[in-house]
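Participant: The chain contents come next:
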Amino acid sequence: MRIFSRLAFIRAAGTALFFVAVPIFAEETNSSFDWFKPFSSLSGEYTAEETYVSDADVRRGNRAIHDFDESDTILRFVLTPRVKFGVLRLGIEWEHFSFGFPDRTPLPNTLQEISAIIGLDMRLSDSILLRIESQPGFYGTNNFDFNQMNAPFIAGGTYIYNPNLQFILGVSVDVEREYPVIPAAGIRWKIARQWVINAVLPQPRLEYEATKNLTLYGGGNIKQTNFRVDDDFGNEHGKPALNHAVLTYSEARAGIGADWKIAPSLTLTAEAGYQPYRDFDFYRAEVRFHEDGSSPYGMISLHGAF
Amino acid sequence: MKPLLASLLLLLMAKPIISAADAVAELAAFSVFDKVDINALAKSDVKTEKVPPMSNARFLAVQSCYVTSGAPAKQIEALRQWNPTKHRELKIFLHSDLPRSPSTADFSKLKNAPDNGSVRTLVADTEKMSSDLQISREEAKKFSSGGEKGGGGAMPAPVAAFWADLLNARARSFASGGTSAQSPYDHTGEAIKPGDELNGLLKQQDKIRRQFSVFLGETGIGRGAGSLGPELYWELLDVDDKGVLTLGASYSRAGGAGTYQAADVLYYASGGYYVALTLYQMWPVSADGKPSTLVWRGDMISSASLASLHGVERLASEGAMMKDISKAVTAFRKDTGR
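In the order they appear, the protein sequences are chains A and B. Remember, the numbering used here sits 217 above the position in the first sequence when you count from 1. Remember, the numbering used here sits 3 above the position in the second sequence when you count from 1.
Calculated from the structure, these hints are not laboratory results. Be a bit skeptical, because a hint or two may be false.
Calculated from the model, a selection of chain B residues having no Cβ within reach of chain A, i.e. all distances over 10 Å [what the hints assert, rightly or not]: (1) F33; (2) K77; (3) D109; (4) D199; (5) K245; (6) R317.
Calculated pairs, DSBU-like style, for lysine-lysine (alpha carbon to alpha carbon, straight line, at most 30 Å) [claimed, not checked]: (7) A:K301 / B:K330; (8) B:K245 / A:K429; (9) B:K337 / B:K53; (10) A:K429 / B:K337; (11) B:K77 / B:K245; (12) A:K301 / B:K50.
Glycine included, C-beta positions come from ideal geometry on N, C-alpha and C.
Please build the complete structure, drawing on both the sequences and the hints.
Facilitator: Laid out in structure tokens, this is it:
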């Protein structure tokens, strides 16, 4: 008589959920100091991230805006208590884009959102995980008002074919977007002991586990959020059609980086690369500024789960 | 007096079978399976359920139940005879039974370890005495990379000799002193003791601990050597693309009315997990008029990697464990024609 399970579950079937920024893959660590030990009765995850983009250019017809920079700050904290139906996700997120535009640029120099995170992870079967998550909150510019409220949400599922291969399918819904429903698919495939293809939006990556606490990667980060500008934004910039308009801001980054697991609940990520795509689109007013040349960027992030 | 004598004789000769209702009630009393329809279960696949989360993040447990044809004694024998190594998907590279008093010669198959990435990782970790190796500090001091390099296989002779000595010593200490006699894994920097891990797993599942308390008291699981004789074995297997050497022991005992209890413990592992325990409770039942066995199986494991799982990772891990156990039980039932 023998235990005849192959014990693959120990590594938790490296898994990813659609539109989830963090690929979930259990990694054993020998870091002995756990900064979050005092909070061991709670479970959750957090991110503090800063990205700086320099020398950016955008253009709309003959109108070009040169050499502006961008700062993208993200603070996110999510509690993940276990409940009967799965794992609740309750938290808060603040993302703040700051652009160093020259005077009289018909684009807002600040885009920001502060939102609640309300979601649930469920296991539908041994092989299928489902996440539904909404981020109701304010999506605006310098000042928030109730007209800027929105509640985009995602629903996605992961099929765990085996511990090394998962398929991801889902939709993102945002009524303020030009195309409110966007479906997407992804794959997470551990192709060798130290190599993982993590082709999952919004951060597809090829990862190499250099050591137990250090992962190197190359990949991208695709962002798109809808913000509503102030009521008099159009008047102030000589284009009344932009008053209270919805601005879809999109950008894509491609770079290389490293995740350094400092402690069981603390990872430091550093990344650098180029931003080949950026788009400011007042799609309803048909005013659009698009990238006019790539820009270098650097990102640093502290994140973890406890 | 004659009718009474006849009745007593009939009672003594009667096949020890308990009512399905009693078996189901007993199952409900200690397991997560509140309600089981034996006839329906006999026609279906194994039923697997997670157990409520345990307070120790290293621990994970899953329970399963199924109905299979034949009496429990036949099930025990089939489990004893079943060879999982022919199922390549189980990734067990080597398996060998051990006598009650093993010697290093019983681990000679190590020299025939297959040449694959998992074994090469184990060899590399051994040669540099990586802190990933779950051994004691005293055991680590005994490794010598010098001397004969050839081994006739993927495992160099010094590495094979080191592990043969270590596994032999641990198997002998288990045979004489149960899991309490196992050295800690303090070479990893964590003073994890296999016996404590097993006790922790059982302590957090009190209903199961009580159901098996008499039986476990006769084994070496979580205590000193018991009165029941174990069937010892060792294996070389793959855990997350790493070769792992493990020591195991199996016990079984007949209970009243044809029931059986059994346990299979992996009380030592060179990596991947600290300990693993599978418990079985079997009742003789009748399914659609045929003699059958209602089997409850509880799988529990302690692993450092599990402690780093949070939120949805934990859900995924439970799902993967349930899936693995379902697959393994299905393979067993298929092989044994049940």
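Participant: If a hint holds in the structure, say so; if it doesn't, say that too.
Facilitator: Consistency of the hints with the structure:
For F33 of chain B, the requirement that its beta carbon stay farther than 10 Å from each beta carbon of chain A is met, with the minimum near 20 Å. Chain A leaves K77 of chain B outside its interface by the beta-carbon criterion, the shortest separation being 13 Å against a cut-off of 10 Å. Under the 10 Å C-beta cut-off, the non-interface status given to D109 of chain B relative to chain A holds; the minimum distance is some 16 Å. Under the 10 Å C-beta cut-off, the non-interface status given to D199 of chain B relative to chain A holds; the minimum distance is some 19 Å.
Distance check on K245 of chain B: its Cβ comes as close as 8 Å (rounded) to a Cβ of chain A, failing to clear the 10 Å threshold; non-interface status is violated. Once the 10 Å rule is applied to beta carbons, R317 of chain B is inconsistent with being away from chain A; the minimum gap is 7 Å. Between K301 of chain A and K330 of chain B the CA atoms are separated by roughly 25 Å; this keeps the pair inside 30 Å, and the hint holds. Of the supplied pair hints, the one linking K245 of chain B and K429 of chain A holds, its CA atoms being roughly 13 Å apart against a limit of 30 Å.
With a C-alpha separation of about 24 Å, the suggested pairing of K337 of chain B with K53 of chain B holds against the 30 Å cut-off. In summary, the hint linking K429 of chain A to K337 of chain B is not supported, as the alpha carbons are separated by about 39 Å, beyond the 30 Å threshold. Taken as a hint, the K77 of chain B and K245 of chain B pair is broken in the structure, with Cα atoms around 35 Å apart against an allowance of 30 Å. Note on K301 of chain A and K50 of chain B: the hinted pairing holds, with a Cα-Cα distance of about 19 Å set against a maximum of 30 Å.
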